[in-house]
Structure formats: structure tokens, C-alpha cells
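2 protein chains.
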Amino acid sequence: MPETKQITTRVLPGFMELLPAGQIQFERMRSTIQASFERFGFIPLVTPVIERSEVLLSKAGGETEKQIYRFTKGENDLALRFDLTVPVARYVSEHFNQLTFPFRRYAIGTVYRGERPQKGRFREFYQCDIDIIGLGELSLVNDAEILSVIYTTFVNLALPDFTVRINNRKVLNGLFAGLGVGELAVDIMRMIDKREKIGDEAFLGSLAELGLSAGVVARLSDFVQIRGSNAEVIAGLQAMGIQNELFEAGVRDLAEVTRAVEYLGVPLKNFAIDLSIARGLDYYTGTVYETILNDHPEFGSICSGGRYDNLAEQYIDQKLPGVGISIGLTRLFDQLSDAGLIEPGPATVTRVLVAPMIPDLKIPLEIASCLREAGVPTEVYLEAARLKKMLNYANKLGVPYAVIVGEDEIKEGQYSLKNMLTGEQAKVTVEQLIDRVKNIPDSDI
Amino acid sequence: MPETKQITTRVLPGFMELLPAGQIQFERMRSTIQASFERFGFIPLVTPVIERSEVLLSKAGGETEKQIYRFTKGENDLALRFDLTVPVARYVSEHFNQLTFPFRRYAIGTVYRGERPQKGRFREFYQCDIDIIGLGELSLVNDAEILSVIYTTFVNLALPDFTVRINNRKVLNGLFAGLGVGELAVDIMRMIDKREKIGDEAFLGSLAELGLSAGVVARLSDFVQIRGSNAEVIAGLQAMGIQNELFEAGVRDLAEVTRAVEYLGVPLKNFAIDLSIARGLDYYTGTVYETILNDHPEFGSICSGGRYDNLAEQYIDQKLPGVGISIGLTRLFDQLSDAGLIEPGPATVTRVLVAPMIPDLKIPLEIASCLREAGVPTEVYLEAARLKKMLNYANKLGVPYAVIVGEDEIKEGQYSLKNMLTGEQAKVTVEQLIDRVKNIPDSDI
Numbered sequence: 000m001p002e003t004k005q006i007t008t009r010v011l012p013g014f015m016e017l018l019p020a021g022q023i024q025f026e027r028m029r030s031t032i033q034a035s036f037e038r039f040g041f042i043p044l045v046t047p048v049i050e051r052s053e054v055l056l057s058k059a060g061g062e063t064e065k066q067i068y069r070f071t072k073g074e075n076d077l078a079l080r081f082d083l084t085v086p087v088a089r090y091v092s093e094h095f096n097q098l099t100f101p102f103r104r105y106a107i108g109t110v111y112r113g114e115r116p117q118k119g120r121f122r123e124f125y126q127c128d129i130d131i132i133g134l135g136e137l138s139l140v141n142d143a144e145i146l147s148v149i150y151t152t153f154v155n156l157a158l159p160d161f162t163v164r165i166n167n168r169k170v171l172n173g174l175f176a177g178l179g180v181g182e183l184a185v186d187i188m189r190m191i192d193k194r195e196k197i198g199d200e201a202f203l204g205s206l207a208e209l210g211l212s213a214g215v216v217a218r219l220s221d222f223v224q225i226r227g228s229n230a231e232v233i234a235g236l237q238a239m240g241i242q243n244e245l246f247e248a249g250v251r252d253l254a255e256v257t258r259a260v261e262y263l264g265v266p267l268k269n270f271a272i273d274l275s276i277a278r279g280l281d282y283y284t285g286t287v288y289e290t291i292l293n294d295h296p297e298f299g300s301i302c303s304g305g306r307y308d309n310l311a312e313q314y315i316d317q318k319l320p321g322v323g324i325s326i327g328l329t330r331l332f333d334q335l336s337d338a339g340l341i342e343p344g345p346a347t348v349t350r351v352l353v354a355p356m357i358p359d360l361k362i363p364l365e366i367a368s369c370l371r372e373a374g375v376p377t378e379v380y381l382e383a384a385r386l387k388k389m390l391n392y393a394n395k396l397g398v399p400y401a402v403i404v405g406e407d408e409i410k411e412g413q414y415s416l417k418n419m420l421t422g423e424q425a426k427v428t429v430e431q432l433i434d435r436v437k438n439i440p441d442s443d444i
Numbered sequence: 000m001p002e003t004k005q006i007t008t009r010v011l012p013g014f015m016e017l018l019p020a021g022q023i024q025f026e027r028m029r030s031t032i033q034a035s036f037e038r039f040g041f042i043p044l045v046t047p048v049i050e051r052s053e054v055l056l057s058k059a060g061g062e063t064e065k066q067i068y069r070f071t072k073g074e075n076d077l078a079l080r081f082d083l084t085v086p087v088a089r090y091v092s093e094h095f096n097q098l099t100f101p102f103r104r105y106a107i108g109t110v111y112r113g114e115r116p117q118k119g120r121f122r123e124f125y126q127c128d129i130d131i132i133g134l135g136e137l138s139l140v141n142d143a144e145i146l147s148v149i150y151t152t153f154v155n156l157a158l159p160d161f162t163v164r165i166n167n168r169k170v171l172n173g174l175f176a177g178l179g180v181g182e183l184a185v186d187i188m189r190m191i192d193k194r195e196k197i198g199d200e201a202f203l204g205s206l207a208e209l210g211l212s213a214g215v216v217a218r219l220s221d222f223v224q225i226r227g228s229n230a231e232v233i234a235g236l237q238a239m240g241i242q243n244e245l246f247e248a249g250v251r252d253l254a255e256v257t258r259a260v261e262y263l264g265v266p267l268k269n270f271a272i273d274l275s276i277a278r279g280l281d282y283y284t285g286t287v288y289e290t291i292l293n294d295h296p297e298f299g300s301i302c303s304g305g306r307y308d309n310l311a312e313q314y315i316d317q318k319l320p321g322v323g324i325s326i327g328l329t330r331l332f333d334q335l336s337d338a339g340l341i342e343p344g345p346a347t348v349t350r351v352l353v354a355p356m357i358p359d360l361k362i363p364l365e366i367a368s369c370l371r372e373a374g375v376p377t378e379v380y381l382e383a384a385r386l387k388k389m390l391n392y393a394n395k396l397g398v399p400y401a402v403i404v405g406e407d408e409i410k411e412g413q414y415s416l417k418n419m420l421t422g423e424q425a426k427v428t429v430e431q432l433i434d435r436v437k438n439i440p441d442s443d444i
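So the sequences go chain by chain: P and B. Going left to right, the first sequence walks through residues 0 to 444 as numbering that gives the first Met the number 0 numbers them. Going left to right, the second sequence walks through residues 0 to 444 as numbering that gives the first Met the number 0 numbers them.
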């Protein structure tokens, strides 16, 4: 049937699809993130991939709206979610009366954006989000907890040296107001966001282009260059002598959040106030976060978020302040892979391959069942083949152990356990076999 | 802004969305299924939700094609996957040279069918699939392994009394051929599939309507009524005296598969040959499975599948025989919930709520970090509130323990641990606290 073979069987461009070894590592990252989130009492929340377009479009804008996957089915105007924030806002509004606040949820799922496919940009990608949503109010210590979650998650992921940078939008907005340029806040914020990318000179030039006076530009330049320990940065901010309530509140907030972060045991080397972080999104109103791998600043922020005043004002007449972050897992995995930061691993979860040397599979299958009952992922090589082919299969997949079951072994009640990495071989009973292969940490394989 | 409040913020009909307690139980089922699959060496495989329409439509037909979510984005004719089988066929074809066979994969993900929404029918639902795909050939013992996976999975899910029913399409097709009615095989099979639903009389009537002779109808009636132990059923089949090679091969296959299932330790009470199972899908060619909750036959089959000759003939010139099954998790969860078979559980994963009675949160946050480091999901009540409100929060969510941290407790270094279920309260050090709350099985809470 030559025509049917003409079907393009390639995955769509912009969609990540992994081979088994990569997929296993991806899943390991995903479950590590999930376990880290649950450690802090966040509960899983799953919402549909498809929503009414009017729900999604009520929050989308600009680029996002262009990128949205939208279609009709029957009479319904539908779209695929482009983030996990709009769905949680819809969820909280819809189920408001059945939820307990503060509501702590995580969501790990795919979102869809029809971006131009290019290296590092995906049209389907996993986001791993947490949010704490309060009713009416939400204590500032939650902002510290969120930072502690980021820290714990990246430690558990065994990622190299990273820094969570935090800032506070009140400090920025208060500063602009205090300097009399509040109406340009959004533009100035955008320039501050770009500063790291464009460099100091272009940054100062761009401020001047906004029509700011030399004096204001100098103050802003001083501001973004305040450096040092958290205590020093806070002292530096206080020393600026800005007479603005919002600014002062922001500085107090930063001090309170960083103090609570220390209480939570996050090492000082893993977080820092960085006054040059603004996070473009309009709805952040307080703390904002970015996370940088110190040796890979080119990754950009691998975990970002912030505090917002009201999650779902477009859906419900309740004030729902919150704070949350998001990890773009698909992109992060892609970047880590490209940078060689993901160790190559096995293409299987199997720990033991049972290799039968006899046509009657009674004993090999029984041994496999014993291992499985003991929690050891086990396969039996079920096709007729020579031992060499079976061991070759184990080697190709990266199965760490093979158990050879032949007539002699069955008579003796002792089976040959072969360590596929070292080639070592030993005769063991089934009990010894289970003991030997059971509690081996991944790193020892 | 009254207009913006007009947005319909309800989840779309036909889409399951759970409240926290339900979601936690759903996730527990999902991870139990996943762990069960991995125990047998199946590896995770994730493919995109969106595929090219031509890929999906090459296998779809009839109802499925009408139900498909299809749309264009730019120049691409796209669709949402309606099962996980077509994607794995596309994946194996595309990555054929990088895979090792037999290829054992599981996939747990959502699929989409625009069915008319009705009770128990979902437009987005989770399927949990496993398949073993051979290259050129695949030993029959794999069919037994698949049954062992079904058994293990449902035991791990702690589902009530269930039976995996198996049959073999060769027996059916060989029987029809042997009776000289091979050209009506598909129609007869459809009637056999319906027999349980429509009853014996209607079944026999429908066979007569197909134009079958009274003699053939009598033989078919005898056939579907063969009962007894697996050995008895096989003896009954042999005693029918059907002179047909396919039939004989099918009977041999059934005998071999059921023997291997016994070797794998599946209790006889949990599986049975059932000659009335056909499974409509055309591509099954050997073993077929259905799984029934014995006390809830109205659920229908909760896990079905079978053996097929060729997974991906429409995509690749390789013979890829396989055997696999699928659990429709969303539907199963819905049915179990309706039948009251899902125990109500907490609306949180949190095991301990730290309740601070003091404004300085240093010690409460430190205690929380200790608990989290020890692996105990922990929350701190961070809003200013009285103890009563905090304990009320714990009660509403179903948090099993609260630790009360006040000035006296801090002085003593002993904190009040309250069992929220029994009301018992004890003074404990942080170390004792961790010991007490750490390794409590869920069932003891």
C-alpha cells in the first residue's frame, strides 16, 4: 500500500518528544518537582486542557492571543489553555464555595502556544505551578514559603548552583512615584527588565529616551546598582531617602520576606534581593521572583513568579490575593540536556532481566513474580533466544542485573546473578537475589 | 465591571473536574497504576496531545472520526488524539531505529472525543495503556504477562473482587470457519459481544436473522455456554470436534496463556476463559481481555485489550505484533465514586499543621522545615488568627495532626501535638514529633 505509507509520521515541529532514556529522566524530574510541592502541603489540581475561548481570552492579550489554539466543535468556541493560571482562576471562581482558604494548589500539565517553532521554544510544554490563594488577605510570610519551595525543589532536582532573586514591585512603583515619574512606571520597568540583556549604557540611554531628566536617570542608575547582602541592600534602599509610602512599605516587605526565608533555612548563598527584577506581567503587585543557574545565566530565569492582588477579578466578586511561581519544565529539560547537565541514563526502568535458558518458563516466571512483589521492576526475556542476545538486550536498555535460569540452576536452587555493569557473577537463592537487587540507590547502578 | 462578570466560568460539559479530595484520590489511583506498570518493566512514554490529522485519521473511522477535535493552525491540519494507540504506532514508526524490541511502554494521558455529553461519557478522559510490541514476532507468554499486569494493578488499587476474562479470536474465527460461516465472522462476533447485554433469547434470534441454519445456531449456542475451570473449558472446546487449524491453534494458545498466567501467580479466582468475549475492534487477532468487577457488572469492562498482528502497518514496512490493554481511568473513577467505592479522604496532602500562637514565626517555620526535611508534608498557618480558627482549617481539610507552638512551648522545647481525629494531645520535642507523624500509613489516619 504505497499511498498509505506517504503519511508524514513525524511529530509536529515545536512539540517535544523524547526517546525512552530521556523520557525516564523527564519523568524523574517531574515526580521530584511534584514531591517537593507536596512536601509543602500543596494539593494537586487538574483542570481540562480545553476551556471556553471566552474564559481564556478574558486574560490573554497581545502575543498570547495570537498564539492561542482556538477552534469550534459543534456550537462551542473552544481553546487550548496557554497557561495554568487562567484555569486556576476559573476553577477557584467556579468552586469557590467548596474550597478552603488559603488554598494551596500545584498543577503540572501541558499548555499550548502556537509560537514560531525555534530552538528552545515549544508549542506544547509542561508548566509546574504552585499558588497560595488567600481570601481577602494573605500574609507576607507566604511569599517566603514560596521561595523556600523553589529552593527545596531545585535542591531535590540536584541542579547546580542556583540563586533565587527576589524583588518587590512596591519598591519599584514607589520609587518611580517618589521620583515623580510614576506615569512612566510600565516603561521604566520594561527597561529595568531588559537591563541585564542590553547592558548598562543602553539601559541609561533608553531611560533618557523616555524623557527622564538626568537627575532621575542618575537616581535610577544608583538604584539598580545597589548591591550586597540582603541587609546591605535594604540599608541601601533606606539610605536613598525616597519619601513615598509605597516605597517604604515595599522595603519593609522585602525585609520581612527575606527574614522569614532565613527562618525557613534557605541558605544565604541561594537567594538574594535583586532590584533589577521587575517581571513584565502587569498583575504582579508585590514580591517577584526569578531563578538563575549561576553558571548558566543564558538559560534565563528557570522559575519565576510573584505576588498578585487579585487572582480572578474577571470572574468573581471576591478579593483573592495570591502568590505563586511557575517552572517551565519542557524548556528547562531541553536547556539542561543541551548543556550536558542531564546524565545519560538507562532506557528502561527495569532493574532485573530474568534470562531463561530452558523452554519451560515456570521457574523464570515465578522468580519474576517474587521480584515484582518485592518491588523490583523486573522483566523476563520471553522470546526464544540465546543467552548472548538476552544479555545484549539488557545492555542496550541499561538493565543493571540479569538472572540466568538454566537447568543446573533450578536443580541447585541457586541462580546466576550477573551485574551487567561490572560483569561480576554470583550464585544466589531467590531470597538473596531480592536482597541484592532491592534497595540499590539509582546512583550505584 | 458587570460585563466582565458575565463570562461563563463553568468547566465545559463532558469534562471531569474534581474537588481537592477527589483529585487527591484520582492522583493516588493514577500513581498506583503507574507504579504497577513500572513493576513489570514498562517505560513511560509521552507523546503530544496534538497530532497531524492525517496521522490520526489513518486509523480512525466511523464514530471516532465524527468525534475527533480537528482544527487548523496556520497551514497545519491538526487534531487532538482520541486514543493512545495511534500515537504509539506513530512514535514507534518514527523512532524505529532508536528503539529496542520487544518495546514495553506505558502511557497515561488524556484523550479527546467530542461525544454527546451524558453520564459516564467524557470528552476528555485519561487512558492508562500498556503495550508490548515485538519486532517480527512476539511470544505468547507476553499475553500472560499482560494479564498478570492487569491483576497486579487492580490488586494494588484495592479494587473489590474482579475477574479478568480472556478469550482468543483464533478460537472464534476458527469456529466460524469450521462451521462454514466464516464470511459472517464480524457480524457473529458483534452478536457474541452483545449477548450478555441482550440475553440468550435475543442472541439466538439475532443469529437466525443473520441467515444461519438452525444447526449452526445450535453449535454457536453450545459454544458460548461452555463453562467451568480453564481446563474444563479447554476440554470442552476440544470436545466440540471442530476441524479447523485456526480453531485448534486458538485452543492451544488459550491453554498456553492460561498456564503461564498460573505460573505468574495470578489466583484462579481472578481470571477465567470466557468464550463470549470478542472485543469488537477489527485489529485484535489472538488473545482478548475484559475485566469485570464481579459485584458491579453494570460498570462493563474496566480494562480491555488484546493481541494484534501489526501495530503500525499504515506507517512502516515492519511487522510489529503486539499485545496491550487500556484502563479508562476517568470513567472508572466516576463509576467507583458513584457506587460509593471510593472512601472519602482528606482535601489535602498535608500531614501536620503548625499552629503558631506567637507573632514571631521563627520557631514555627523552623519546625516546619524540620518536618519537611524528614519527608512530612507540612503547612504553617500563616495568617493572624485564633487557635480555634487554625484547628478548624485543619479539620475542614482533614489534616491529621496539628502542632501548637506558643511561648510556653518554646521555653520548654516541647510542643503540643494534637491528633485531630481523636483529640488526643501530647507534649513532644521536635525529634519526637517527627517520629510520631512520620511513618503513619494512610489507613491509620
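No lab work stands behind these hints, which were simulated from the structure alone. Don't take each hint at face value.
Treat identical chains as interchangeable: a pair holds within one or across any two.
Capping the alpha-carbon separation at 25 Å, the derived lysine to any residue pairs in SDA-like fashion look like this [to be verified]:
id	residue 1	residue 2
1	Lys196	Val216
2	Lys410	Val154
3	Lys437	Leu267
4	Lys388	Phe95
5	Lys437	Ser325
6	Lys410	Gln317
7	Lys318	Tyr380
8	Lys268	Phe14
Since the model is a prediction, treat every value here as computed from it, not as a measurement.
Is it within, between, both or neither when you check Lys437 against Leu267 at 25 Å Cα-Cα?
-> neither (38 Å within a copy, 29 Å between copies)
If the cutoff is 25 Å on CA atoms, where do Lys410 and Gln317 land: within, between, both or neither? Let me know, please.
-> neither (74 Å within a copy, 41 Å between copies)
Indicate which option fits the pair Lys318, Tyr380 if close means a Cα-Cα distance not exceeding 25 Å: within, between, both or neither.
-> Answer is between; shortest inter-copy Cα gap is 20 Å, intra-copy 60 Å.
Using 25 Å as the alpha-carbon threshold, which applies to Lys437 and Ser325: within, between, both, or neither?
-> neither (36 Å within a copy, 29 Å between copies)
Within a copy, between copies, both or neither: where do Lys388 and Phe95 come within 25 Å Cα-Cα?
-> between (59 Å within a copy, 19 Å between copies)
Within, between, both or neither, where Lys410 and Val154 count as close if Cα-Cα is 25 Å or less = neither (50 Å within a copy, 33 Å between copies)
Please work out whether the CA atoms of Lys196 and Val216 approach to 25 Å or closer within one copy, between two copies, in both situations, or in neither?
-> within (18 Å within a copy, 80 Å between copies)
For the identical chains here, do Lys268 and Phe14 meet the 25 Å Cα criterion within one copy, between copies, both, or neither?
-> neither (36 Å within a copy, 45 Å between copies)
Figure legend: structure checked against the earlier numbered hints; hints not met, in rising order: 2, 3, 5, 6 and 8.
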